[in-house]
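Asks: Listed below, chain by chain, are the residues.
Number of protein chains: 2
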Amino acid sequence: MSEKLVQSTGNGLHSSIPKLNVAVIGAGLVGSLAALNFARKGYEVDLYEYRQDIRTAELVQGRSINLALSQRGREALAEVGLEDEILSTAIPMRGRMLHDIKGNTSIVLYDPCTKQCLYSVGRKHLNEVLLNAGYTSKSLKPFQEDAEAKADLIVGCDGAFSAVRQQMIKNYGFNFSQEYIEHGYLELCIPAKNNEFQMPANYLHIWPRDTFMMIALPNQDKSFTVTLSMPFKVFSDIKTPKDLLEFFIKYYVDALPLLGEERLIKDFFKSKPQYLLSIKCNPYHYKSKAVLLGDAAHAMVPYYGQGMNAGMEDCSLLFSIINQTGITLDKALLQFTESRWRDAHAICDLAMYNYVEMRDLTKRVTFKCRKFLDTTLFRFFPTIWVPLYNSVSFTTMPYNKCIANRKWQDKILRNIFYAVLSGALVTGTALYVMNLQNFDR
Amino acid sequence: MSEKLVQSTGNGLHSSIPKLNVAVIGAGLVGSLAALNFARKGYEVDLYEYRQDIRTAELVQGRSINLALSQRGREALAEVGLEDEILSTAIPMRGRMLHDIKGNTSIVLYDPCTKQCLYSVGRKHLNEVLLNAGYTSKSLKPFQEDAEAKADLIVGCDGAFSAVRQQMIKNYGFNFSQEYIEHGYLELCIPAKNNEFQMPANYLHIWPRDTFMMIALPNQDKSFTVTLSMPFKVFSDIKTPKDLLEFFIKYYVDALPLLGEERLIKDFFKSKPQYLLSIKCNPYHYKSKAVLLGDAAHAMVPYYGQGMNAGMEDCSLLFSIINQTGITLDKALLQFTESRWRDAHAICDLAMYNYVEMRDLTKRVTFKCRKFLDTTLFRFFPTIWVPLYNSVSFTTMPYNKCIANRKWQDKILRNIFYAVLSGALVTGTALYVMNLQNFDR
Chain A
28 MSEKLVQSTG
38 NGLHSSIPKL
48 NVAVIGAGLV
58 GSLAALNFAR
68 KGYEVDLYEY
78 RQDIRTAELV
88 QGRSINLALS
98 QRGREALAEV
108 GLEDEILSTA
118 IPMRGRMLHD
128 IKGNTSIVLY
138 DPCTKQCLYS
148 VGRKHLNEVL
158 LNAGYTSKSL
168 KPFQEDAEAK
178 ADLIVGCDGA
188 FSAVRQQMIK
198 NYGFNFSQEY
208 IEHGYLELCI
218 PAKNNEFQMP
228 ANYLHIWPRD
238 TFMMIALPNQ
248 DKSFTVTLSM
258 PFKVFSDIKT
268 PKDLLEFFIK
278 YYVDALPLLG
288 EERLIKDFFK
298 SKPQYLLSIK
308 CNPYHYKSKA
318 VLLGDAAHAM
328 VPYYGQGMNA
338 GMEDCSLLFS
348 IINQTGITLD
358 KALLQFTESR
368 WRDAHAICDL
378 AMYNYVEMRD
388 LTKRVTFKCR
398 KFLDTTLFRF
408 FPTIWVPLYN
418 SVSFTTMPYN
428 KCIANRKWQD
438 KILRNIFYAV
448 LSGALVTGTA
458 LYVMNLQNFD
468 R
Chain B
28 MSEKLVQSTG
38 NGLHSSIPKL
48 NVAVIGAGLV
58 GSLAALNFAR
68 KGYEVDLYEY
78 RQDIRTAELV
88 QGRSINLALS
98 QRGREALAEV
108 GLEDEILSTA
118 IPMRGRMLHD
128 IKGNTSIVLY
138 DPCTKQCLYS
148 VGRKHLNEVL
158 LNAGYTSKSL
168 KPFQEDAEAK
178 ADLIVGCDGA
188 FSAVRQQMIK
198 NYGFNFSQEY
208 IEHGYLELCI
218 PAKNNEFQMP
228 ANYLHIWPRD
238 TFMMIALPNQ
248 DKSFTVTLSM
258 PFKVFSDIKT
268 PKDLLEFFIK
278 YYVDALPLLG
288 EERLIKDFFK
298 SKPQYLLSIK
308 CNPYHYKSKA
318 VLLGDAAHAM
328 VPYYGQGMNA
338 GMEDCSLLFS
348 IINQTGITLD
358 KALLQFTESR
368 WRDAHAICDL
378 AMYNYVEMRD
388 LTKRVTFKCR
398 KFLDTTLFRF
408 FPTIWVPLYN
418 SVSFTTMPYN
428 KCIANRKWQD
438 KILRNIFYAV
448 LSGALVTGTA
458 LYVMNLQNFD
468 R
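The listed protein sequences correspond, in order, to chains A and B.
Here the first sequence is numbered in the numbering used here, starting from 28 and rising by one per residue.
Here the second sequence is numbered in the numbering used here, starting from 28 and rising by one per residue.
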């Protein structure tokens, strides 16, 4: 890494970070977006990728092939002028369609008031659009373990098992945790039938089953990508096609004919369930030399649909800081860490929590009551009472603030509950006493 | 690593783990103890160390030069027949001697009932005794990054920054966290004077100062090793000898003449404060091929004096499992992980908590009351009411059980408190009413 000093030119009009050589490691969604941002600002950018160029590659097993794009990702795309292009082919999902164990469905809209929704986008398509905006296949550099390269700034966008982070972890004061969950996931497919979707397309489909669940997101080609999440133990107990079909008849009876028995058996047994992990660290930067973005900084379990969105928001935040007048790169990176780590830790925790909500709570009456209360209050006070899911998915409110908001709402609802209860008690007692007096007369 | 299979001979009489080649990485306290255990059981053991042999080395800056040996370490030493040799030169510490800001001292015995105590031992001496029991300087193998070696089992005793763990961290399902605290430490020295200790020798001396503290342990040569623990910010605010002396006059007035101004200034400014971190992971093993012991598995902040003791206890546990009849090595290592990780995580947390207790709570009245209650109950029910500190330091009760015990004791004391309060209230009311009646007459 070059030891070239980064100094403020302090002209007070423009960012005083001189145009440096930037090496972006990883040409995934966050890496290609970060590279595009740096390039648009006039930096010399080298984008490195150790996999094959996604534009010429077959789909890689084990990386979900569609994703839920929400507000944070949309704004980051808008900043590089790509939001419209992406949304034009994305499939809006207006709410959750819940499938119960008998195959009955019910709908919970994400936002009945302002009609905001998630967008199902293909990972490959999105990545291609981002790469095409700045890179030909030729300009993408291969990233190899023993290769040497020089850069003023290394931007680690190399995912949950980041090689850049692997170097930073040795630094004193670098806090880090990786936590695997005891559940794995496996992707299946509900194909199109007669060139039509086999289920309503504009929903995120969920089959909540307490300790495990299945979800499905619509694809452009009218298929659904289905993700089966459950404890590794449950996966390994399914040893034969017969076990598998019995399992699906018991738990996912309505999905079985859509998946198709033959295809299901093939898909299920051709690959092993994938691990899921949560990664937190702090700081995200090393002096003015390196910074981590996206999964490299904060991998999370996929249950809030915020992994990609949070990674793209990293870019928004980083460049809003770098664009400040008079800031030096070392200060900018420090400020990025300081203004980001609490929010990133918060969304990692929320994602972990949402797994419980999705597979279990969505079925419960208390959850539905709360959802109703939240929606009603949101309708009357749309700027004040933004429910947690909506603030996370449909605003760019800092994640930590979303949680603080929720706590404040919990407190109010609790107080209202007690007030109503006390009121009822007082009224009840008063009526009873009056009744007694009437009786006395 | 050799791929030789480890198979049970299943004779049902002896451990069925065949005698393998074992590579113990790290010849520190835990590594040399582990190597000794393996060697005594007839294994082929290679002990690797990347530092110079401690027997021929000068003291290494930044590793504390004396340590508090307690029950768990003692038992592990007894198992290899070395406890008596170590205790014969160790200095018993019967309690904490607290130094207040004015220089007044008070004593809190660890165990006024059964008179158990901690033993201050020199790291170098202890390590030498352990090495001499099995290894000449020649038989110790150098451990180099690029060297190749073969072994059936790798035992990682290579400390908080373990190279063995660095390989295991890449495995799916390996949970890991490293957490630095915002306090650093620096070692100072209170030398002997006229060949005598300058303070009472049989205590662990503590200068609690809320957000920071200083402690001192006695050495064989009648000096004390003093450890100054405080936020890095406070360290860095002390820029000149004048700052330093003012700081000591303000906070450690009684220690200043014992440390000696000139020596203090020299010791303080010659080295930087050291970082402290807590490391947790799970599992500790990889199949039948590798296992982590000591700091490599669970580094902790030094404030419970359990780092070495827990590491030595790892050896006791591992060999008690390996000694089971009919157990295979892969099962033994799995069992080691499963029966150890919760306790190791617990002592890491306790050590973090004890930093607060030592620097702050020891001064408080509530702490002293609790200590008095604990001691009194312990005196009357020595097998039932073992206070937390005593169960951790003077028994081999699993650390997690020690915490569960404490919670149970907290609950009882809380209930007693409420009962006494209610009793007092009832009695008071009764007396008041009787008084009223007397008044009526």
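Just so you know, the hints here were simulated from the structure itself, not pulled from any lab data.
Any given hint might turn out to be false.
What the hints assert, rightly or not - With a Cα cut of at most 25 Å, we get these calculated SDA-like pairs of lysine to any residue:
1. B:LYS197 - A:LYS438
2. B:LYS316 - B:PRO169
3. A:LYS438 - A:GLN351
4. B:LYS314 - A:PRO258
5. B:LYS142 - B:LYS314
6. A:LYS314 - B:ILE349
7. A:LYS299 - B:GLN194
Said to hold, decoys possible - From chain B, some residues computed to sit far from chain A (all C-beta separations above 10 Å):
8. ILE196
9. LYS197
10. PHE201
11. TYR302
12. ILE439
13. GLN464
Where is the CB? At the ideal position from N, CA and C, for every residue including glycine.
Asks: So, for every hint listed, does it hold in this structure?
Replies: These are the hints, each one checked on the structure:
1. B:LYS197 - A:LYS438: violated, 43 Å
2. B:LYS316 - B:PRO169: holds, 21 Å
3. A:LYS438 - A:GLN351: violated, 38 Å
4. B:LYS314 - A:PRO258: holds, 21 Å
5. B:LYS142 - B:LYS314: Distance of about 44 Å is beyond 25 Å: violated.
6. A:LYS314 - B:ILE349: violated, 47 Å
7. A:LYS299 - B:GLN194: holds, 23 Å
8. ILE196: Per Cβ check, ILE196 of chain B is inside 10 Å of chain A; nearest 7 Å; violated.
9. LYS197: violated, 8 Å
10. PHE201: violated, 7 Å
11. TYR302: violated, 5 Å
12. ILE439: holds, 31 Å
13. GLN464: The claim stands: GLN464 of chain B keeps its Cβ more than 10 Å from every Cβ of chain A (closest is about 33 Å).
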